[in-house]
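**Q** At position 414 of the sequence shown the residue is numbered 414 (the numbering used here), and the sequence of numbers has no breaks.
Do not rely on the hints blindly, as some may be mistaken.
Unchecked claim - Pairs of lysine-lysine, DSS-like flavour, derived with a Cα cap of 30 Å:
(1) K640 <-> K24
(2) K455 <-> K527
(3) K217 <-> K326
(4) K133 <-> K511
(5) K692 <-> K217
(6) K473 <-> K397
(7) K281 <-> K119
(8) K511 <-> K544
(9) K107 <-> K19
(10) K544 <-> K19
(11) K455 <-> K511
I should point out that these hints are in silico values taken from the structure, not numbers from a laboratory.
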Amino acid sequence: MSENVESLDEIVLTSPTEKISIRKAEMSVNKMTAQTIKEIPAILGEVDVLKSITTLPGVTTAGEGQSGFNVRGGSADQNLVLLDEATLFNTSHLFGLFSVINADAIKDLKLFKGGIPAKYGGRISSVLDVHQKDGNKYNFHGNGGIGSISSRLTLEGPIVKNKASFFLSGRRSYADLFIPIIMPDNDNTAYFYDLNTKVNWEINDDNKLYVSGYFGKDVFSLSNSFINTYGNAVGNIRWNHVFNNQLFSNLSLIFSKYYYGLELDFVGFQWNSGLQNINFKYDLKQYFNDNVSIEYGINTIVHQFNPGKIEPNGADSGIEENQIAKKYAIESGVYIDVEQRLNERVDLRYGLRFTAFSRMGEKNKNSYADSPVIYNEELEIYEQATPIGQKDFSRSKILKTYVNFEPRFSIAYSLTKTSSIKASYQRMAQYLHLISNTQSPSPLDIWTPSGEHLKPQLSDQIAFGYNKDFNNKYTLTAEIFGKTVKNRLDYIDGADLIAQEAIESVVLAGKSRAYGLELLFKKETGKFRGWVSYTLARSEQQTKGRNSTEIGINNSEWYATGYDKTHDLSLLTSYKPSNTWNFNSNFTLQTGQPVSYPTGSYEYLGSNIPNYGLRNTFRLPMYHRLDISATYKPRKYENKKFKGAWIFSIYNIYNRKNSSSILFNQDVETGINKTERLSIFGLIPAVTFNFKF
Numbered sequence: 001m002s003e004n005v006e007s008l009d010e011i012v013l014t015s016p017t018e019k020i021s022i023r024k025a026e027m028s029v030n031k032m033t034a035q036t037i038k039e040i041p042a043i044l045g046e047v048d049v050l051k052s053i054t055t056l057p058g059v060t061t062a063g064e065g066q067s068g069f070n071v072r073g074g075s076a077d078q079n080l081v082l083l084d085e086a087t088l089f090n091t092s093h094l095f096g097l098f099s100v101i102n103a104d105a106i107k108d109l110k111l112f113k114g115g116i117p118a119k120y121g122g123r124i125s126s127v128l129d130v131h132q133k134d135g136n137k138y139n140f141h142g143n144g145g146i147g148s149i150s151s152r153l154t155l156e157g158p159i160v161k162n163k164a165s166f167f168l169s170g171r172r173s174y175a176d177l178f179i180p181i182i183m184p185d186n187d188n189t190a191y192f193y194d195l196n197t198k199v200n201w202e203i204n205d206d207n208k209l210y211v212s213g214y215f216g217k218d219v220f221s222l223s224n225s226f227i228n229t230y231g232n233a234v235g236n237i238r239w240n241h242v243f244n245n246q247l248f249s250n251l252s253l254i255f256s257k258y259y260y261g262l263e264l265d266f267v268g269f270q271w272n273s274g275l276q277n278i279n280f281k282y283d284l285k286q287y288f289n290d291n292v293s294i295e296y297g298i299n300t301i302v303h304q305f306n307p308g309k310i311e312p313n314g315a316d317s318g319i320e321e322n323q324i325a326k327k328y329a330i331e332s333g334v335y336i337d338v339e340q341r342l343n344e345r346v347d348l349r350y351g352l353r354f355t356a357f358s359r360m361g362e363k364n365k366n367s368y369a370d371s372p373v374i375y376n377e378e379l380e381i382y383e384q385a386t387p388i389g390q391k392d393f394s395r396s397k398i399l400k401t402y403v404n405f406e407p408r409f410s411i412a413y414s415l416t417k418t419s420s421i422k423a424s425y426q427r428m429a430q431y432l433h434l435i436s437n438t439q440s441p442s443p444l445d446i447w448t449p450s451g452e453h454l455k456p457q458l459s460d461q462i463a464f465g466y467n468k469d470f471n472n473k474y475t476l477t478a479e480i481f482g483k484t485v486k487n488r489l490d491y492i493d494g495a496d497l498i499a500q501e502a503i504e505s506v507v508l509a510g511k512s513r514a515y516g517l518e519l520l521f522k523k524e525t526g527k528f529r530g531w532v533s534y535t536l537a538r539s540e541q542q543t544k545g546r547n548s549t550e551i552g553i554n555n556s557e558w559y560a561t562g563y564d565k566t567h568d569l570s571l572l573t574s575y576k577p578s579n580t581w582n583f584n585s586n587f588t589l590q591t592g593q594p595v596s597y598p599t600g601s602y603e604y605l606g607s608n609i610p611n612y613g614l615r616n617t618f619r620l621p622m623y624h625r626l627d628i629s630a631t632y633k634p635r636k637y638e639n640k641k642f643k644g645a646w647i648f649s650i651y652n653i654y655n656r657k658n659s660s661s662i663l664f665n666q667d668v669e670t671g672i673n674k675t676e677r678l679s680i681f682g683l684i685p686a687v688t689f690n691f692k693f
């Protein structure tokens with residue numbers, strides 16, 4: 001007998017993990033895997049999770065090099081960013097150039113722009129739910145990369161094989177290491193680092209324990225006379241328990257902290273501020289049958305806000321120590337969320353969240369005769385009211401409580417096996433406010449809780465959508481939405497927000513609205529893949545006068561918010577002709593962001609002073625750029641445990657000088673005002689070497 005051996009081709013099983021089910025009552029949701037994120041060209045070759053989601057419809061940024069992201073006309077502080085259930089209050093490194101989320105550390109992410117399940121609360125625009133990798137319980141693995149601006153290393157493996165594992169991922173930029181070599185007399189430095197970690201332990205078939213954390217920090221220094229540090233620290237201990245094959249639970253204890261520090265040696269002081277919270281939550285999910293499942297749970301968050309503490313940094317400083325009164329609050333919620341399939345065509349998701357927010361006692365609380373903000377009828381301007389006194393309250397005393405019911409409802413109706421129409425409604429409440437007079441958040445912005453003078457923001461949103469699957473290769477999603485927000489804070493003209501001890505005296509409550517159309521066409525299979533996303537939308541705000549004698553902001557008229565983008569187009573392509581090469585591109589086209597320009601000028605004490613008109617009545621020029629990248633995997637690594645890949649990328653390949661802002665300065669020689677256009681990035685090439693073992 002002779003042996004006859006035949007070699008069969010490799011069978012690869014794939015799952016479209018980013019695809020949203022057409023039949024499920026889940027809309028205004030986008031999923032992205034770590035692999036997809038890594039294929040999108042990024043500035044300096046640094047893969048950026050938050051910049052990646054801005055390629056999706058309805059998601060944009062205030063401008064190039066600015067932190068945060070905006071969803072459906074909402075501000076950056078209206079987004080709930082969760083990393084393994086813990087809240088990230090600041091999502092940027094190097095003042096917005098990069099995000100704090102390391103792509104090597106994440107498993108996947110899900111962005112909810114509407115139809116937000118009842119288990120989420122606390123923000124009114126979106127929820128970005130990011131999950132870290134669990135770690136490999138069977139074998140030890142590692143991967144990393146050496147890039148133009150930073151390097152990273154990830155390690156994972158079993159602690160007890162088949163029972164417990166660890167995951168550890170670190171990243172650090174190193175421009176500060178080369179500055180002294182290139183410029184020996186330069187004492188400036190700028191760098192960031194972060195660390196992601198997770199341990200999971202399978203106690204038995206019914207109980208699992210997870211411990212995860214994130215720690216990140218930015219340092220920016222100018223000759224040691226100006227030192228700026230800020231960062232996040234979060235942690236989560238989660239116990240997963242299986243009661244039976246129909247009932248599961250998660251018990252979590254979560255800690256989140258954001259810190260901001262500033263030291264000015266030439267002034268002689270240092271400034272420290274931040275906020276932190278502790279969140280206890282218990283969630284359960286129960287499957288009654290194939291057609292009905294229910295999620296329900298409770299949570300309580302204890303908030304602590306440190307608006308700022310100023311201290312002298314030397315014996316000869318001359319600065320007196322001053323602690324702005326810390327603020328405290330307790331936020332609680334209980335929810336129920338039901339997923340139900342009525343029949344072959346109709347799928348429902350409905351729920352209710354009940355929240356209560358209590359502002360607790362504090363020291364040096366201001367008292368006012370009437371309102372914290374007064375109106376000067378003669379000058380037609382708003383001014384800070386002078387407090388008539390201050391009171392100290394015990395932390396256990398409740399100063400003000402707000403309660404809200406937040407209903408959620410989504411429905412999907414299947415037209416055919418490959419198409420459906422969907423609709424959703426949601427009401428959400430947000431009790432925390434980020435007070436800012438810039439277009440995007442900065443580390444110095446102040447988070448403050450609702451209270452006696454600041455009411456919570458309340459949002460109502462409706463959306464309608466159409467979904468179509470073409471031969472399981474292409475998908476089309478089209479949605480229209482409308483959103484209104486009550487109690488949206490607006491700063492008064494001339495407001496000084498830095499070290500502001502009475503934040504309620506420089507803001508007025510108004511309202512905002514956003515509406516638009518979103519289109520997403522994707523090809524998810526084959527050698528050539530990609531998507532086209534387009535958004536046509538408006539985002540506006542209105543702050544009326546409180547009575548007939550007041551003019552309000554912008555004469556009480558609706559005006560564009562700083563993140564209003566009428567047109568937003570993204571085109572991403574990925575072509576993989578072989579296992580050796582992969583080519584990617586990203587084209588972006590956006591309407592310029594609204595800005596305020598001077599409409600005239602006047603002479604004062606020999607200086608020419610620009611006179612600004614109404615807010616956001618002008619726009620920057622249209623923004624557009626093209627990024628490309630190529631990934632090369634040498635064949636010599638194919639059959640080795642150690643594998644490597646080179647990534648070559650060019651950001652802004654045709655060197656478009658996009659306007660970040662327009663500056664109005666005075667010419668020193670002529671004394672005449674002049675304009676200057678500020679552009680941050682031109683053409684930027686980068687090379688990164690990634691490896692795994």
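**Q** Confirm or reject each hint.
**A** Comparing the hints with the structure gives:
Restraint check: the Cα-Cα separation between K640 and K24 comes to about 43 Å, which exceeds 30 Å; the hinted pair is violated. Distance hint between K455 and K527 is unfulfilled; the C-alpha atoms sit about 52 Å from each other, more than 30 Å. At most 30 Å may separate the alpha-carbon atoms for a hinted pair to count; K217 and K326 meet this at roughly 23 Å. About 40 Å separates the Cα atoms of K133 and K511, which puts this hinted pair outside 30 Å; it is violated.
For the hint pairing K692 with K217, the CA-to-CA distance comes to about 26 Å; that is within 30 Å, so the pair holds. Taking the CA atoms of K473 and K397, the gap is near 59 Å; set against the 30 Å cutoff, the hint is violated. A hinted pair counts as satisfied when its Cα atoms are at most 30 Å apart, and K281 with K119 qualifies at roughly 10 Å. For a cut-off of 30 Å, the pair hint linking K511 to K544 stands: about 9 Å separates their Cα positions.
Pair hint K107 plus K19 holds up; C-alpha atoms about 16 Å apart against a cutoff of 30 Å. Of the pairs offered as hints, the one joining K544 and K19 is violated, with about 43 Å between alpha carbons and a cut-off of 30 Å exceeded. Our distance criterion of 30 Å between C-alpha atoms is met by K455 and K511, whose separation comes to about 12 Å.
The structure is inconsistent with the numbered hints 1, 2, 4, 6 and 10, although it conforms to all the rest.
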